[in-house]
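2 protein chains.
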Amino acid sequence: MSDLSPAAASDATAAPDETAAPDETAPLRVALLGAGTVGSAVARTLTHEADDLAARTGRRLELVGVAVRRAGRDRADLGVDPALFTTDAAELVTRADIVIELIGGIDPAKELILSAMAHGASVVTGNKALLAEAGPTLYAAADEHGVDLYYEAAVAGAIPIVRPIRDSLAGDRIDRVIGILNGTTNFVLDAMDSTGAGFTETVERAQALGYAEADPTADVEGFDAAAKAAILASLAFHTRVGIEHVHREGITEVSAGDIAAAKEMGCVIKLLGICERTVVDESGGEGISVRVHPAMIPLGHPLASVREAFNAVFVEAGSAGELMFYGQGAGGDPTASAVLGDVVAVARHRVAGGKGPGESAYADLPVLPMGRARTRYHVSLDVADRSGVLAKVAQVFAAHEVSIETVRQQVVTEDEDGTPTPPRAALVIVTHSAEDAALSATVDALAELDIVREVTSVLRVEGS
Amino acid sequence: MSDLSPAAASDATAAPDETAAPDETAPLRVALLGAGTVGSAVARTLTHEADDLAARTGRRLELVGVAVRRAGRDRADLGVDPALFTTDAAELVTRADIVIELIGGIDPAKELILSAMAHGASVVTGNKALLAEAGPTLYAAADEHGVDLYYEAAVAGAIPIVRPIRDSLAGDRIDRVIGILNGTTNFVLDAMDSTGAGFTETVERAQALGYAEADPTADVEGFDAAAKAAILASLAFHTRVGIEHVHREGITEVSAGDIAAAKEMGCVIKLLGICERTVVDESGGEGISVRVHPAMIPLGHPLASVREAFNAVFVEAGSAGELMFYGQGAGGDPTASAVLGDVVAVARHRVAGGKGPGESAYADLPVLPMGRARTRYHVSLDVADRSGVLAKVAQVFAAHEVSIETVRQQVVTEDEDGTPTPPRAALVIVTHSAEDAALSATVDALAELDIVREVTSVLRVEGS
Chain B
1 MSDLSPAAAS
11 DATAAPDETA
21 APDETAPLRV
31 ALLGAGTVGS
41 AVARTLTHEA
51 DDLAARTGRR
61 LELVGVAVRR
71 AGRDRADLGV
81 DPALFTTDAA
91 ELVTRADIVI
101 ELIGGIDPAK
111 ELILSAMAHG
121 ASVVTGNKAL
131 LAEAGPTLYA
141 AADEHGVDLY
151 YEAAVAGAIP
161 IVRPIRDSLA
171 GDRIDRVIGI
181 LNGTTNFVLD
191 AMDSTGAGFT
201 ETVERAQALG
211 YAEADPTADV
221 EGFDAAAKAA
231 ILASLAFHTR
241 VGIEHVHREG
251 ITEVSAGDIA
261 AAKEMGCVIK
271 LLGICERTVV
281 DESGGEGISV
291 RVHPAMIPLG
301 HPLASVREAF
311 NAVFVEAGSA
321 GELMFYGQGA
331 GGDPTASAVL
341 GDVVAVARHR
351 VAGGKGPGES
361 AYADLPVLPM
371 GRARTRYHVS
381 LDVADRSGVL
391 AKVAQVFAAH
401 EVSIETVRQQ
411 VVTEDEDGTP
421 TPPRAALVIV
431 THSAEDAALS
441 ATVDALAELD
451 IVREVTSVLR
461 VEGS
Chain P
465 MSDLSPAAAS
475 DATAAPDETA
485 APDETAPLRV
495 ALLGAGTVGS
505 AVARTLTHEA
515 DDLAARTGRR
525 LELVGVAVRR
535 AGRDRADLGV
545 DPALFTTDAA
555 ELVTRADIVI
565 ELIGGIDPAK
575 ELILSAMAHG
585 ASVVTGNKAL
595 LAEAGPTLYA
605 AADEHGVDLY
615 YEAAVAGAIP
625 IVRPIRDSLA
635 GDRIDRVIGI
645 LNGTTNFVLD
655 AMDSTGAGFT
665 ETVERAQALG
675 YAEADPTADV
685 EGFDAAAKAA
695 ILASLAFHTR
705 VGIEHVHREG
715 ITEVSAGDIA
725 AAKEMGCVIK
735 LLGICERTVV
745 DESGGEGISV
755 RVHPAMIPLG
765 HPLASVREAF
775 NAVFVEAGSA
785 GELMFYGQGA
795 GGDPTASAVL
805 GDVVAVARHR
815 VAGGKGPGES
825 AYADLPVLPM
835 GRARTRYHVS
845 LDVADRSGVL
855 AKVAQVFAAH
865 EVSIETVRQQ
875 VVTEDEDGTP
885 TPPRAALVIV
895 THSAEDAALS
905 ATVDALAELD
915 IVREVTSVLR
925 VEGS
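Residue numbers (my numbering), protein chains in the order written: chain B, 1 to 464; chain P, 465 to 928.
Worth double-checking, as some hints may not be accurate.
What the hints assert, rightly or not - Derived contacts from chain B toward chain P, CB cut-off under 7 Å, selection only: (1) Ala54; (2) Asp167; (3) Ala345; (4) Arg453; (5) Val455.
What the hints assert, rightly or not - Label pairs and their calculated CB-CB ranges: (6) Pro136/B to Glu608/P: 35 to 45 Å; (7) Ser928/P to Glu201/B: 30 to 40 Å; (8) Asp175/B to Gly817/P: 25 to 35 Å; (9) Gly500/P to Glu282/B: 54 to 64 Å; (10) Gly196/B to Val743/P: 37 to 47 Å; (11) Asp515/P to Ser433/B: 49 to 59 Å; (12) Pro136/B to Gly817/P: 49 to 59 Å; (13) Glu717/P to Ala398/B: 58 to 68 Å.
Hints are computed from structural coordinates only; laboratory data are not their basis.
None of these values were measured; they are calculated from a predicted model.
Virtual Cβ for every residue (Gly too), placed ideally from N, Cα, C.
With the hints as extra help, turn the sequences into a complete structure.
Shown next, in the form of structure tokens:
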């Protein structure tokens, strides 16, 4: 479509224009991109709760179009005038005060958002992948055009977390954010914990129950959580963190044995997104570590009781101390709640003047490689039952300057099926905190020892 | 001091003036009223973290005065220029862009805030008593003068809860807010639960540990929680709710026996602030119930695991579902974190233009009397061990249209010290949900029965 077509020209007349006096009674024009689960829930609320939203905003919100991929589907339940559906998203974004982007992915979402901003619209999005990949570009465009870019729905669904970190804690110093950021993986790990079942069969059950996608890769490999961790780290540390900075390990390697080992330790295994501030040199210089991996956390930690598909974000701040935010991390209605909170916020800015805070990247802290992250390891070894084994194992830890917190040794004289075997020992070692590179090198060296038959499992321990 | 004195005239020149062009590089002038625990923590952060705060705000925040009751005390640790201390709060508020009120109480806090606003300052306060008593007056003044009134610190200390309810959930419909809003009472109830000790000795222990004041009335009688519940209800339901609307019962009557009875039920007792939306007539008209009282909640409820002096607020919203916010509800540093988050927010509004949302009272729902609140009762009775007792008791419930969920009967044949007694029975009854008036009338009628020796305890049950 050409910008010079008569239709576009008449749209342009209606678009915000800094030289014309704004009409203070005209409704704010809202364009919705995408009518999937979340988009449908947003459309329904915009339509059915219009009076409440107007009272809270100070102006009516008028849905001026819903961009869909395919026209003609029956969407009568949304309560939206069928004439508002369009397949021309590029045109729609040029004639709105607020654009809600819920189509996901990088293209064409990115171009549509940039075009919307260039045409003067504030943007509300739930697109974590796009923010984690192109956040700075989008922020710069919002800044250039004097519009808002809000994205509460991109992290932990319905849970208010972007606004608390960005606004409520703006006068504090955040040291650590640990989140259960993906509902599918929490459901799977929680079910493995309650049933003792293995990973594969539990994923199949989660798929049958609708908690996991047919292709669960984005969830179980940690991609989804990594994008969210990048966004949280950017906000918490006033530093640009992209998905490429996030160390990522999924839960596909977590076995029923690992879960059982965690139970024996009084722990549960969770897939955690961890954003951490660390002192990196003797002069007190700081860096940050951003990573997603499964880890044991003690049952007494507030995150340990987050069950099923719930999400939670645990924040440690210098003055505020420990905070936790808990709720539903996905689903149409919960995510729509976060989207609409943002819509009301950016609409209030239109009505009352001003705009929300933009990108804050002033601190510009270095993002450390995974090897520099400080963590603790839980290592299970299958070793020969000989005298001196523990001494040799302990020596390997000492050589890497990794300090051992506890060792538990158990002699095994039969197989899992009860057949007698030559005596061997299971050694379970939990370390004190050390750099991941040193811990990882220790495990490699242990695997080389002739007295070590097998490194049965290696898990990080967090939250203590 | 006269407004016409030369000093005042020169201050007035520096004050915000809509006709003069604002100086976009001048620092924002911050006045602090009160240098107690929270005020001192705020002053320290304003001084020591000035660079970070400037980067986040977009302008430097300059502390221009600290109003204290008595001059001359040593406050060197605040890092504040001693010349900034003043006992003339009334003068100080006339020469600031942002006034932080941390003196508490109604007078002179109210007049100082109103004067600050009249002189063009935005106000940040942690004064829950004042907000619960005079919120509408303060909001009206903020609106009249085009300034912000922020008060995150007034509810649940460091926990971001005002902003999530007001902003993040602005596009949702909040049905219920249940909060553990007072750290002292939670500490006491939690300690009673772990130790089995009684109320009086536990309060003494809490006082010795600094968790309870020498005069604990405001906490243990629920006044503090009631003020916070009023604020939460106002925000959640877009309705003016003052402290006078809040039904309030403290924890002084909670006995070791009640705690034990809760344990047998798989519950814990918490002092809860409950703000609830209820349908009040057949046409679907709504009212709200706001109340503070001790209640049993099941161990599986997220609020049950809130230990020691921590606070938490559990929110149920139409789209978002269940959310919980957890953290420290009091203390100098945690509360200062909430204050400074607000300071940065109102400062950003000064820099970027605009102001935050004002009072939202459009829904104007009726606040129901306690008798109309729907709840469940746990009633313990000491009854004669005769046949037909249960039938008579059940009849009383039925006559008041209160439905019984469970009954547990236990025959007692000896005293607590082992002396044989005539057989009698302990009856424990848990009801389904009913109006509090009907439940309360049921208990009164039970007490009149000749087969009931004593109504041993009556506790509400929530959160299921």
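Hints, verified against the model:
no. : hint                             : in the structure
1   : Ala54                            : violated, 9 Å
2   : Asp167                           : holds, 6 Å
3   : Ala345                           : holds, 6 Å
4   : Arg453                           : violated, 41 Å
5   : Val455                           : violated, 35 Å
6   : Pro136/B to Glu608/P: 35 to 45 Å : holds, 41 Å
7   : Ser928/P to Glu201/B: 30 to 40 Å : holds, 32 Å
8   : Asp175/B to Gly817/P: 25 to 35 Å : holds, 33 Å
9   : Gly500/P to Glu282/B: 54 to 64 Å : violated, 37 Å
10  : Gly196/B to Val743/P: 37 to 47 Å : holds, 45 Å
11  : Asp515/P to Ser433/B: 49 to 59 Å : violated, 30 Å
12  : Pro136/B to Gly817/P: 49 to 59 Å : violated, 24 Å
13  : Glu717/P to Ala398/B: 58 to 68 Å : holds, 59 Å
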